[in-house]
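**Q** Chain by chain, the residues:
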Amino acid sequence: MLIIENLTMIYPDGTVALRDVSFEVADGEFLGIIGLSGSGKSTLLRCINRLIEPTEGKIIWNGKDITKLNQQDLLATRREIGMIFQHFNLVKRSSVLTNVLSGRLGYTPSSWSLINRFSRADIERAHKALERMGIPEKASNRADELSGGQQQRVGIARALMQEPKIILADEPVASLDPVLAHSILGSLEKLNQEDGITVMCSLHFLDLVQRYSTRVIGLRDGRVVFQGTKDDVKKITDERFKEIYGEDAKRLGGE
Amino acid sequence: MNNKISNENRQSPLHTFLSLILPGLGQMLAKQWQRGLTILIGVGLMGSLSIWTIGQRARYPNFALSFKIFAISVLEMGALLIFLMSLNYLLNKYIIKDKTAQAFSGYGVGLLYFILIFLLSGPVLELAGTVAELKTVYLTTTIFSAGALAAFWIWQAFDAGKIGALKAGEAMPSLGFAVLVLCLLIFSLGYQITEIDLNKAISEYTDTQIILTRLTWPWRSAFAFEQDVLEVAQKIQAPCPAGSVGPDANLPMDGETWISLDNTCGELTTRDLQGKVTFGTEITIFGGGFTPGQKVEIWWRNPIGNPFKPRGVGETDIIMDERGEFETKLYIPEMTVIATAVGDQIHTILVREKSEERFTGALSDEMKLALKGMLETIMLGLMATFFGIILAFPLSFLAARNLMASIVQTLAKMVGGVIGLVVGVGLTGVTMTQIIKLFGGLDKAPIPILMIAILLLFGISWLFMSLGGRLFEYLSKLLGKNGDTILSVIGMTLIGVAPGYLLGLGFSRGIRGIPLKAELAAETEMTFAIGGAILFGILGFYYALRQGGSRNINVGMIAYTTTRTIMNIIRSIEPLIWGLVAVIWIGPGPFAGFIALTLHTVAALGKLYSESIESIDPGPIEALQATGANRLQTIVFAVVPQILPPFISFTIYRWDINVRMSTVIGLVGGGGIGFILIQWIRLFQYDNAGLAVWLIAITVATLDYISSNIRKRFV
Ligand SMILES: Nc1ncnc2c1ncn2[C@@H]1O[C@H](COP(=O)(O)OP(=O)(O)O)[C@@H](O)[C@H]1O
Ligand SMILES: [Mg+2]
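If you read the sequences in order, they're chains A and B. Per the working numbering, the very first residue in the first sequence carries number 275; after that it's consecutive. Per the working numbering, the very first residue in the second sequence carries number 1496; after that it's consecutive.
Quick caveat, the hints were computed from the structure, so don't treat them as lab data. Among the hints, a few may not be true.
[Said to hold, decoys possible] Label pairs and their in silico Cβ distance ranges:
(1) A/Glu419 to B/Asn2047: 33 to 43 Å
(2) A/Val290 to B/Asn2047: 39 to 49 Å
(3) A/Lys342 to B/Leu1970: 14 to 24 Å
(4) A/Gly312 to B/Asn2047: 21 to 31 Å
(5) B/Gly1685 to A/Val290: 54 to 64 Å
(6) B/Arg2206 to A/Gly312: 49 to 59 Å
(7) B/Arg2041 to A/Lys342: 19 to 29 Å
[Stated by the list, open to error] Computed list of chain B residues with no C-beta within reach of chain A, every gap over 10 Å:
(8) Leu1509
(9) Lys1662
(10) Glu1751
(11) Tyr1826
(12) Gly1924
(13) Ile1942
(14) Thr1980
(15) Thr1988
(16) Leu2119
(17) Leu2127
(18) Ile2152
[As the list claims (entries may be wrong)] Here are the simulated DMTMM-like cross-link-like pairs (lysine to aspartate or glutamate), alpha carbons at most 20 Å apart as the crow flies:
(19) A/Lys366 to B/Asp2182
(20) B/Lys1976 to A/Glu330
(21) B/Lys1972 to A/Glu298
(22) A/Lys366 to B/Glu1726
(23) A/Lys342 to A/Glu298
(24) B/Lys1972 to A/Asp347
Computed from a prediction, not measured in an experiment: that's the story for all the values here. Positions of the beta carbon are idealized from the N, C-alpha and C atoms, including for glycine.
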């Protein structure tokens, strides 16, 4: 259970990226986040695992306020929160296996990782994760030798190594073509349904949101301007979505 | 546009005239104060600099004369320019109508200008009453400095005229021409001050040729040659006090080599303070049994036992006749007689016959020395690079903005850390004195003690720093709501007091001590120290109170700025200068060179490294932070793989530079081949110097080739 309460984020340069955002995410949800570019989607997701320090507000994850955690507890909590990125964020020169294993660092003693050692169990786990993502044969390739879709699979495998309870996905398919987008989102959906991992995923395309989300929130100018359940999403026509988007666009242009 | 053209031709005679008398005056009259003053100061500066340069160049620093030459030159050039400008103007107005031809007439007049300068130089020089050697100086000065200054003078007069005739709202005349002329003037002064003299470069080349051949092809001296030397001696007494008869003269010996003298007692050649030489006794040296037709050398060994070849007292290279005998005359040479010498002063005359040199293929001692120096140099570069890497690597992370910017700490925790750090360093000091006592003195085992000191320093400081931070965090929780601030205020006051005390003391000793007498400054220095302590204490107090203890301080950026600043300072000082410092510190030798190069390498590599860290893809860092990896793990897995290729590339590049630098670091005493090279040059041993230069060139070229090849694989 993730509860966001009155979250505000102001960047050092004064940009207000989130204004008083509040919503809840139930366990097992596939929450779609929509909004124009610059509406604060990435900022919101990064506040949740405190890659960015929020200015104000609470983020209550299974009863504890993430914003109040000290460094050590924060690291421990981050292990429960997987994250995948638009540009995959793999270490390009490292092998696929190393990239996947690095998802396990939160569980590895510092001294071990200094000399690049992982336990046999972890290596086993990494191979399993790759197998699950359908690319077991790529383990020893360099990450930058893989296609975009494969790289994103490595990204998901890395997140899986954390044994996450929730996955934050920041436009995970924005740099992939539509066919690959469906296959990646399909994988996320499978993790969501089979493993019960909660997913928060910002998406650009309406059809993808409609197809995969169980619930949607819409952001504009750092504010939540739309909330709907899976049923609302199904009911909502393209026109209604366009209304939300279009209205935003118009207002942005007019202001 | 039209307006502008007409404005260019309009002149206010009064302004022009005033500026012609005193540069800038016309402009000032037109209320263009800045322009006028700049012109006046500019002319004054350029003029005095030119005059000073003439004196320097003529090696004749006579101000009046230099001034006279320059003033006449400027007047002459000014008159010439005005004459030529009028000529050009008239030509264009009445005779040459074609536009292209008009442009060329300008060039023609310019050419005429140079011709006239040469023609006029003779008479004017006589007019100036100058010495003949000033002639070349006069010519360069006239053509460049005086010409440019005269042109500038005329320009600014016209400029004043234009400004004086300016109507409201019109644009100021352009400065383009003035800038051009000033550039010419500065160029000409630079040319003269650096004593660029192409004449000399050519005329003195022939003298250099012999040396140059020895330098460029020195390979004969790379090998050792064998030679037999036959030496026979005859003793002689000098000076010859009354009653002395001198040692016995040798008798001719059949079948053996021998020399003898007609007289074995005589007086030394002397030289008085004015350098006038009074020859001593003339002796006849004769001998036999040498190889017929062979050249022998006469040497002299003084009573102390030092042999030398007598100079200026007669022929010392003698050719044997067909029977292998010779006879030659020589004055007893001049030498310093040791004042404390007692008794008869017995010298020895030596006649040496040397056989032909035989090539053996063995290397000469010089070559061996040069090779050893070269090896030393390569190793020096290698070691400096090695230690440079080890030190620069961790530093470069501190100097990478993208890594450091995100490290923040509450003021309270930072204060705790700083106090902990100070305590830690202090404790290290105390512990180290005990440990040194245990060893029985620093010089008993400097290396182990140093190692322990470094380990302790890092270990204890780190431990106390984090303990201090934790303690303050804990205390502030105990104290409740304002705990952070209370602790920070106390801590910052303490932190302010110590540097304040030192700064006050430093101010008193370093700055007040300059004009004051040392004792006087020392008497009152405590006032300053305590004053400084109080001042900085209050500043710290105030700062902490204003910021509040829970305020986040960007500790990372503090570390970043400090590291960057130190590295920039070290890097901006050339290794050669570090070399000088190191030589003073530990004496000449490769170790001094090592220290100099290492210092510079750390700073240079630190910068290169940290810049390559700053340019990495931040994505993986973010991704790993998100997995719950700690800072160290993030660096090892997300940063290091990305920076490895540029690091390797930069390191090899630096090694390349270091080997090149280490060849010259020896020039200031830093060991290696440079050290040997500079000594050979000073001893005029050009063949040996040539050897060293060759070895340097070969080594550097080889390493260059190798390193660029290795680098190619990583870039
Ligand atoms: N590091 C930053 N510093 C300052 N402003 C930022 C920074 N990152 C994002 N912003 C601003 O915050 C707002 C939200 O950005 P972002 O969260 O990236 O939006 P989205 O992911 O929806 O495109 C934008 O106006 C953006 O310009
Ligand atoms: Mg974004």
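**Q** Take the hints in turn and mark each one as holding or not.
**A** Going down the list of hints, with the structure as the test:
1. Here the CB-CB span from A/Glu419 to B/Asn2047 is close to 42 Å, well matched to the stated 33 to 43 Å.
2. Distance hint check for A/Val290 and B/Asn2047: the Cβ-Cβ separation is about 19 Å, which falls outside the suggested range of 39 to 49 Å.
3. The beta-carbon spacing between A/Lys342 and B/Leu1970, approximately 19 Å, falls within the hinted interval of 14 to 24 Å.
4. At roughly 26 Å, the beta-carbon separation of A/Gly312 and B/Asn2047 lies within the given 21 to 31 Å, and the hint holds.
5. One distance hint, 54 to 64 Å for the beta-carbon pair B/Gly1685 and A/Val290, holds here, with the actual separation near 57 Å.
6. Under the hint 49 to 59 Å, the C-beta atoms of B/Arg2206 and A/Gly312, about 42 Å apart, miss the expected range.
7. As the Cβ distance of B/Arg2041 to A/Lys342 is approximately 25 Å, the hint placing it in 19 to 29 Å holds.
8. The claim that B/Leu1509 lies off the interface holds: its Cβ sits roughly 58 Å from the closest Cβ of chain A, which is beyond the 10 Å cut-off.
9. Interface exclusion of B/Lys1662 from chain A stands, the closest Cβ pair being 48 Å apart, more than 10 Å.
10. For B/Glu1751, the non-interface assignment is confirmed: its Cβ lies about 82 Å from the closest Cβ of chain A, beyond the 10 Å cut-off.
11. Residue placement check: B/Tyr1826 keeps its beta carbon more than 10 Å from all beta carbons of chain A (closest about 83 Å).
12. The beta carbon of B/Gly1924 is kept farther than 10 Å from every beta carbon of chain A, the shortest such distance being approximately 29 Å.
13. Every C-beta of chain A lies more than 10 Å from that of B/Ile1942, the closest at about 27 Å, which supports listing it as non-interface.
14. Look at B/Thr1980: its CB is around 19 Å from the nearest CB on chain A, clear of 10 Å, so calling it non-interface holds up.
15. For B/Thr1988, the non-interface assignment is confirmed: its Cβ lies about 27 Å from the closest Cβ of chain A, beyond the 10 Å cut-off.
16. Consistency note on B/Leu2119: stated as away from chain A, yet its beta-carbon is not over 10 Å from all of that chain's, at 6 Å minimum.
17. A beta-carbon of chain A is positioned within 10 Å of the beta-carbon of B/Leu2127; the least distance is around 6 Å.
18. For B/Ile2152, the non-interface assignment is confirmed: its Cβ lies about 26 Å from the closest Cβ of chain A, beyond the 10 Å cut-off.
19. Taken as a hint, the A/Lys366 and B/Asp2182 pair is broken in the structure, with Cα atoms around 55 Å apart against an allowance of 20 Å.
20. At roughly 18 Å between alpha-carbon atoms, B/Lys1976 and A/Glu330 fall within 20 Å of each other, so this suggested pair holds.
21. The hinted pair formed by B/Lys1972 and A/Glu298 fails the criterion: a straight-line CA distance of about 31 Å is larger than 20 Å.
22. With a C-alpha separation of about 79 Å, the suggested pairing of A/Lys366 with B/Glu1726 is violated against the 20 Å cut-off.
23. For the suggested pair A/Lys342 and A/Glu298, the alpha carbons sit about 18 Å apart, so the restraint of at most 20 Å is met.
24. A distance of roughly 17 Å separates the Cα atoms of B/Lys1972 and A/Asp347; the hinted pair therefore holds under the 20 Å criterion.
Going down the numbered hints, you'll see the structure goes against 2, 6, 16, 17, 19, 21 and 22, while the others check out.
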